[in-house]
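J.: Single-letter residue listing:
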Amino acid sequence: MNGTHWLVRPKTIRWIWRIFIAVLALTVLAQLGVHIHPHFEVDAWFAFYAVYGFGTCVIMIVGAKLLGVVLKRKDTYYDD
Amino acid sequence: MIDTLPPGLLLIAGGLLVPLLRGRVRAALLLLLPVVTLWWIWHLPEGAPVAGQYFGYDLVPVRVDALSRLFATVFSFMAFAGGLFAMRQARTVELAAAFAYAGSALGAVFAGDLLTLFVFWELMAVTSAMVIWSAGTQGAYAAGMRYVVVHLLGGVVLMAGVIAYVKTTGDAGFNVLDHPGAARWLILAGFLVNAGAPPLSAWVADAYPEGSPSGTVFLSAFTTKTAVYALIRGFPGEQALLFFGLYMAVYGIIYALLENDMRRILSYSIVNQVGFMVTAVGIGTPLALNGAAAHAFAHIIYKGLLLMSAGSVFYQTGNRKCTDLGGLFQSMPVTTICGTIGALAISAFPLTSGFVTKSMINLSAANQHLMLVWFILVAASAGVFLHAGIKFPWFVFFQKDSGLRPPDPPANMRWAMYLFSFLCIGLGVYPAPLYRILPYPVDFVPYTASHLVSQTQLLLFAGLAFFVMLPMMQRTLTVTLDFDWFYRRLGPALVRGGVVVWDGVQSGITRGAVGLYRGAVGWLERHHGLEGTFSRTWPTGSMVVWVAVLLTAYLLLEFLGVT
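Going down the list, the protein sequences come from chains H and W.
Mapping to my numbering: the first sequence position 36 is 36, numbers consecutive.
Mapping to my numbering: the second sequence position 490 is 490, numbers consecutive.
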């Protein structure tokens, strides 16, 4: 129990990032070998799911953030 | 006789027995009842025997077919695992209410006529509110009250619809409700309230997180999924459901992204997942309806698992807020691993239950060439990983170290999590048994190279977005306003404002009346009062003077010779 857990040491985290990026690349490169069955043409484009997944998530996060500006309140808002 | 006796009554009766028993006997009862119920369900012959009549309408308390059996099966699983999770920690009243709640849900899915359905529907509202209240906190009391009001309102709408529908069609049977008219829309609205559809979606995230650690596990399973069942049964292919479903799928993500309370995050994600199912009912093809039913089955298990792991954290630390948690993986490995399995299953990762069920829904949209629906569903699939798949485990078990080092929860809670983790992976690896009990024949192969590559690409890049945008995801001590603001703030404010205005009007009227009265009295007093002009006493002397004046005047006139 001395020091930090091995999983949260900066060195481990760097390695996790490297492996993660390698796996990301692999899922895209897999499309060279696997033909993705298209439903509407665009979804068979190279790296479509990667771009669409990343893009829509960024939009949702930013959208939520903007909505939060209007709708967020202190969490004691309803306590009285 | 036994064919028309609802199997749900066993769980309801068992729930009533719970307070009379203690220790091992009670534990045995809690585990045995769902098993016997499951056995009963699978030994009922298919069909819809008429049990009797009510004002001339046929009553069918038990209709057995693939659809009702599927939902009844997963409800029994949930009663078993929930009972195991709760049996040593939950209060007696919660266990009793939870089993009666599960039994009512079973009663509703077996109901072959609208009248029986309505009775069990209302019983669910009452028993589930008792599950919320048994948490015993002030917050649970208030949230339970709001929950009851919303559900009784939904119940009234449903009742009005049922009565009008039965009256106009002359048939109380609960089948596809396609007779046009207002009654049909009222029934649909009643179902949608329980599904967590807009505009009343807020009740889910308002009430469920206020339950006890185990209470929320029970709550997550029955009400919304019974509504999904009712929609599949009554409104397959209803186009309006596409709008409601897609709205729910996106709403759940956005609100979960803004949320800080871990169990509220998971409650928003219930709305998101039910959104997928409601959309599928709106698509209405056999593949879509199979997808809705299968996804409901898988959802009950992985959502139960997620809320068990969140419940374990809550039970061990007393904390629900992400801002207070973090780093728990070091001392709660079982909870972390089981929670992560639930998170992967809800995200539909390959080899988990979500992968083999949600894909049926997305594919059914594509097959019907519903391009916009498909694009929103795929974006929402990515968003599920974002808000539930990563956000929940990341902020609770990892992120910054909160310094908390609670141990894993007691054995019965751990075993319940093992069981559901096993099912999440088991159904994902070997979906054939689930596919066999779906309402329509399944001609669907989840594990193709194309599906594997597209799904992992989608999810992992959604994960990349999470970590790239992490600075924007930091938790804050906030709540997000939702529709419940209207009845928690605006309504009371209007009432208070109305009271102020009414007080003003009332005192204005009073003041005006008093002023008027005083004015009138003053006027009268001035003219007729003691010193008033009309009530003054005239002295006799002045009378004599005037008489003398008159006489003198006569005298003068006489002298002048006028007369």
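Be aware that one or more of the hints could be misleading.
[As the list claims (entries may be wrong)] Here are the simulated DSSO-like cross-link-like pairs (lysine-lysine), alpha carbons at most 27 Å apart as the crow flies:
hint, chain 1, residue 1, chain 2, residue 2
1, H, K72, W, K167
2, W, K167, H, K11
3, H, K65, W, K167
4, W, K321, W, K400
5, W, K167, H, K74
6, H, K72, W, K400
7, H, K74, W, K400
8, W, K400, H, K11
These are calculated hints, taken from the structure and not from any lab test.
J.: Identify every previously stated hint that the structure contradicts and give their numbers, smallest first.
T.: 1, 2, 3 and 5
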